[in-house]
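Start from chain A and add chains B and C according to the hints.
One letter stands for each residue in the lines below.
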Amino acid sequence: MNQVKIDFDRCKECGYCVNFCPKKILAIGSKINKRGYYPPVIDPIEECIACGTCAKVCPEAAIEVYKEI
Amino acid sequence: MGDKVFMQGNVALAESAIRAGCKYFFGYPITPSSEVPEYYARRAEEEGLVFVQGETETAVFNMIAGAAATGNRVMTATSGPGFSLGQEAMSFMAAAGLPAVVVEVMRPGPADGEILAAQGDYFQAVKGGGHGDYNTLVLAPCSVQEMCELIQESFELAEKYRNPVILLSDALLAKMRENVELPGRKEQNCDLSWALTGCAGRKHNVMTTCGDGSAQWEKYNLDLQEKFAKIKANEERWENYQTEDADIILVAYGSMARVAIGAMKLAREAGLKVGLVRPISLWPFPVKAFEGLGDKTFLVTELSAGQMVEDVKLTVPHKENVHFYGRLGGIVPTPKEIFEQIKKLGVK
Amino acid sequence: MKTIYKRPEVLTDAITTYCGGCGHGIVNKLIAELVDEMELREKGILVWPIGCSVYADKYYKMDAICALHGRAPALATGIKRCLPDKFVMVYQGDGDMVSEGMAEIMHAAVRAENFSVIFINNAIYGMTGGQMAPTTLLGQVTSTSPYGRTVPAAGYPVNMAEIMANMPGVCYSERVTVNTPQRITATKKALKKAFELQFENKGLSFVEVLSPCPTGWGQKPMDAMKWVDEKLIPIYPLGVFKSPEEVSAK
Numbered sequence: 001m002n003q004v005k006i007d008f009d010r011c012k013e014c015g016y017c018v019n020f021c022p023k024k025i026l027a028i029g030s031k032i033n034k035r036g037y038y039p040p041v042i043d044p045i046e047e048c049i050a051c052g053t054c055a056k057v058c059p060e061a062a063i064e065v066y067k068e069i
Numbered sequence: 070m071g072d073k074v075f076m077q078g079n080v081a082l083a084e085s086a087i088r089a090g091c092k093y094f095f096g097y098p099i100t101p102s103s104e105v106p107e108y109y110a111r112r113a114e115e116e117g118l119v120f121v122q123g124e125t126e127t128a129v130f131n132m133i134a135g136a137a138a139t140g141n142r143v144m145t146a147t148s149g150p151g152f153s154l155g156q157e158a159m160s161f162m163a164a165a166g167l168p169a170v171v172v173e174v175m176r177p178g179p180a181d182g183e184i185l186a187a188q189g190d191y192f193q194a195v196k197g198g199g200h201g202d203y204n205t206l207v208l209a210p211c212s213v214q215e216m217c218e219l220i221q222e223s224f225e226l227a228e229k230y231r232n233p234v235i236l237l238s239d240a241l242l243a244k245m246r247e248n249v250e251l252p253g254r255k256e257q258n259c260d261l262s263w264a265l266t267g268c269a270g271r272k273h274n275v276m277t278t279c280g281d282g283s284a285q286w287e288k289y290n291l292d293l294q295e296k297f298a299k300i301k302a303n304e305e306r307w308e309n310y311q312t313e314d315a316d317i318i319l320v321a322y323g324s325m326a327r328v329a330i331g332a333m334k335l336a337r338e339a340g341l342k343v344g345l346v347r348p349i350s351l352w353p354f355p356v357k358a359f360e361g362l363g364d365k366t367f368l369v370t371e372l373s374a375g376q377m378v379e380d381v382k383l384t385v386p387h388k389e390n391v392h393f394y395g396r397l398g399g400i401v402p403t404p405k406e407i408f409e410q411i412k413k414l415g416v417k
Numbered sequence: 418m419k420t421i422y423k424r425p426e427v428l429t430d431a432i433t434t435y436c437g438g439c440g441h442g443i444v445n446k447l448i449a450e451l452v453d454e455m456e457l458r459e460k461g462i463l464v465w466p467i468g469c470s471v472y473a474d475k476y477y478k479m480d481a482i483c484a485l486h487g488r489a490p491a492l493a494t495g496i497k498r499c500l501p502d503k504f505v506m507v508y509q510g511d512g513d514m515v516s517e518g519m520a521e522i523m524h525a526a527v528r529a530e531n532f533s534v535i536f537i538n539n540a541i542y543g544m545t546g547g548q549m550a551p552t553t554l555l556g557q558v559t560s561t562s563p564y565g566r567t568v569p570a571a572g573y574p575v576n577m578a579e580i581m582a583n584m585p586g587v588c589y590s591e592r593v594t595v596n597t598p599q600r601i602t603a604t605k606k607a608l609k610k611a612f613e614l615q616f617e618n619k620g621l622s623f624v625e626v627l628s629p630c631p632t633g634w635g636q637k638p639m640d641a642m643k644w645v646d647e648k649l650i651p652i653y654p655l656g657v658f659k660s661p662e663e664v665s666a667k
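Residue numbers (the numbering used here), protein chains in the order written: chain A, 1 to 69; chain B, 70 to 417; chain C, 418 to 667.
Bound-form chain A, shown alone:
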């Protein structure tokens, strides 16, 4: 299973990852972080193709992507 790690407290809820994810599997979450933002959640992770677009567009380098091989 591919992995997308989001640094919860680094996110500022800009929504770029949500918008540019080609599979549309990112959505703003419901849990609030330390700075008052709602980081995204991935659902379903199974559809993630580990393309890394979310990490590429993130202004905070808050997302890391790992591909299962």
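Hints are computed from structural coordinates only; laboratory data are not their basis.
Ideal Cβ positions, reconstructed from N, Cα and C, are used throughout, including at glycine.
It cannot be assumed that every hint is accurate.
Quick list of in silico lysine-lysine cross-link-like pairs, DSS-like style, CA-CA up to 27 angstroms [as the list claims (entries may be wrong)]:
1. A/K31 with C/K423
2. A/K5 with C/K419
3. C/K478 with A/K5
4. C/K423 with A/K5
5. C/K419 with C/K606
6. C/K478 with A/K34
7. C/K475 with B/K288
8. A/K23 with C/K419
9. C/K460 with B/K272
10. A/K24 with C/K419
11. C/K606 with A/K23
12. B/K272 with C/K478
Output of the computed footprint for chain B on chain C, the stretches with three or more beta carbons under 8 angstroms from beta carbons of chain B [what the hints assert, rightly or not]:
13. 452 to 460
14. 464 to 472
15. 480 to 487
16. 499 to 512
17. 524 to 537
Here are some, though not all, of the chain C residues that point toward chain B, as calculated from beta-carbon distances under 8 angstroms [said to hold, decoys possible]:
18. A491
19. A493
20. T494
21. I496
22. E521
Below, chains B and C without anything else, positioned relative to chain A:
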């Protein structure tokens, strides 16, 4: 010591700076300082120097800040109007701990003014022309010889305290030719672990003067105040002439001190016991020079409307005993003229 | 597991002070990626401006200095002239470069200083709260052009990449943006080219990045990304305005 030569002040100063290992010069032409950049440009190839003429003094003062940040000896030379443009960077260098050396060759202000000798930039240099609480060591030679020695020391003092140093010259000292024994070569030897050189083999260095909240910035300021206090405690310099038995004491620095010495001699010949206090460090003001002089009459003479006189008044026990005589516009009074002023004080 | 993307090594743990969706963040990240990939950390000095990126020295484990407003190119001149074989990067916003420091950037180009300049153009003063910048568009409302920028009051927007391209001392000048994944990749390519050129001593390398400023423009981040397309790019066209191949071809 070096060779004996008959040399112009600006040129002797530049040669002495090169011998002190100052390989980097960033400047902008302005009378009466231009021979210094010209000399650096001429000697660049032979001595492996880097000479850059900047677009403005505003830029030049930031160039020397950058060079100083790498730990290299660096200087500029300018005059009043250019020095004014450099004040933002003076505040920056004092705060960031950047040991650049600035030669300010004073000329009559304000504004464009004239190009002969003056001392009207005393406040700007001594009290700090930039923003915020900061100080810089200000050294004022009164001869080409002393200027050559002090410029070499300026680099060591800048590095010792990691603070910019101002060498305050004027058009007379800059343009006149005198016999001078040029000082020898000096090597830089001080801790440079703080410098920006690329962090291979060490923790990275960061220099920022952007505060990170008031508490942090007060702490940063208190550290700076400690630095300035050390300079103040250690670096007072002066020379007293025949002050032990004097009834009247002249106070003058730089070119004006040489005129005062002439007046002192005329007075002595006429039976008047006159002495001279010659500040060499203008910041820190040499308070110790006045200790033990007792309750005398002081005559402060400057090529200005009166600036150092205020510091003398702050220093001596009775400021009503402090008198002033100055000339403006680039007119340098003669010893006789000062002698007349001494007599006018009517001190028997 | 194969790593597709990992947070760059050179970055510290600091959380940036940029607003959510700010273009500075993306460019800062690309710089960090290149520092890692090109192994610039140990031989680099970063020169930061006064503006929203004034705290960027806290985001990198490498030597850095924060210049006075507008003075970064002059400060960098002093550094690079002393350390000609080191990597020196100047990073500036539009207020810092095109207003306060216009003389400094122009003369760094005149002198063909061998460092790389990254110019973030978001058509506004961000840090001080949304005032008009020389790059503010005609008709664009800011806190100091409340009825929209007009020519009689404040003249015309400034196209720096084209100006720099006309300076003989500039070997490379390109304008890019970061409002799509593809363009972020193109931006990284441009930055990499600029960084590489620095070691060929062919003069100043210049990359202008059109950057979304959600807070300053009063928009949501994604709307700001679209605004770059709708409003900025028509005035500030993307593209390479000078490249070394041209320089050597002359």
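(message) Taking beta carbons only, do three or more residues of the segment 499 to 512 of chain C come closer than 8 angstroms to chain B?
(response) It holds, with 4 qualifying residues against the three required.
(message) Run the distance test for A/K23 versus C/K419: straight-line Cα separation, threshold 27 angstroms.
(response) 20 angstroms, holds
(message) Using a Cβ cutoff of 8 angstroms, are there at least 3 residues of the segment 464 to 472 of chain C near chain B, or does the coverage claim fail?
(response) holds (count 5)
(message) For A/K31 and C/K423, compute the direct alpha-carbon distance and say whether it is at most 27 angstroms.
(response) 24 angstroms, holds
(request) Mind checking the alpha carbons of A/K24 and C/K419 for me, to see if they're no more than 27 angstroms apart? (result) 22 angstroms, holds
(request) Please count how many residues of the segment 452 to 460 of chain C have a CB within 8 angstroms of a CB from chain B and say whether that reaches 3. (result) With 3 residues closer than 8 angstroms to chain B, the segment 452 to 460 of chain C meets the three-residue bar; holds.
(message) Need the status of pair C/K419, C/K606: alpha-carbon distance at most 27 angstroms?
(response) Roughly 23 angstroms separates the two Cα atoms, so the pair holds.
(request) Verify the proposed pairing of C/K460 with B/K272, using a straight-line Cα cut of 27 angstroms. (result) 12 angstroms, holds
(message) Tell me if the straight-line CA distance from C/K423 to A/K5 falls inside 27 angstroms.
(response) Holds: C/K423 and A/K5 sit about 9 angstroms apart, inside 27 angstroms.
(request) Quickly compare the C-alpha distance for A/K5 and C/K419 to 27 angstroms and report which way the hint goes. (result) Satisfied, since the Cα-Cα distance of roughly 14 angstroms is no more than 27 angstroms.
(request) Tell me if chain B covers the segment 480 to 487 of chain C under the three-residue, 8 angstroms CB rule, please? (result) holds (count 6)
(message) So if I understand the rule, the pair passes when the alpha-carbon distance is 27 angstroms or less; does C/K606 with A/K23 pass?
(response) 26 angstroms, holds
Hint compliance for this structure: no hint is broken.
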